[in-house]
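Here the sequence shown stands for residues 0 to 73, where the numbers follow numbering that gives the first Met the number 0.
By construction, these hints were calculated from the structure, which means they are not laboratory data.
Be aware that one or more of the hints could be misleading.
FRET-style restraints, in silico, Cβ to Cβ [to be verified]:
(1) Glu31 with Arg66: 27 to 35 Å
(2) Glu44 with Leu17: 18 to 26 Å
(3) Leu48 with Asn18: 34 to 42 Å
Beta carbons are placed, not taken as given, at the ideal position from N, Cα and C, and that holds for glycine.
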Amino acid sequence: MRQETLADEIPPMRPGRLNLYSPDDIKRWGVERFLDTVCRKEPLEIPDLGFTEEENRAMDEILRQEREASARGL
């Protein structure tokens, strides 16, 4: 196995900070390798935000209306 040069190393994500990677670097590293290195491996847990069923239904209806409007080009 070849030893990676400094240019081949993918800088790790820094939680709480802006993480920027150039498209040229990602192409050089390979998209699959890049995603394997920087992406979470465990599922993202969505916290309970405390919305009631009525509030959830209202938000779902608003999203449905926005999708329809977007599909009509509005």
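*Using the C-beta atoms of leucine 48 and asparagine 18, is the stated range 34 to 42 Å upheld?*
Roughly 26 Å apart at Cβ, these two residues miss the hinted range, so it is violated.
*asked:* Assuming the hint says 27 to 35 Å, is it satisfied by the Cβ distance from glutamate 31 to arginine 66 or not?
replied: For arginine 66 against glutamate 31, whose Cβ atoms are near 31 Å apart, the range 27 to 35 Å holds.
*For the range 18 to 26 Å, tell me whether the beta carbons of glutamate 44 and leucine 17 fit it or not.*
The hinted range 18 to 26 Å holds for glutamate 44 and leucine 17, with Cβ atoms some 23 Å apart.
Going down the numbered hints, you'll see the structure goes against just number 3.
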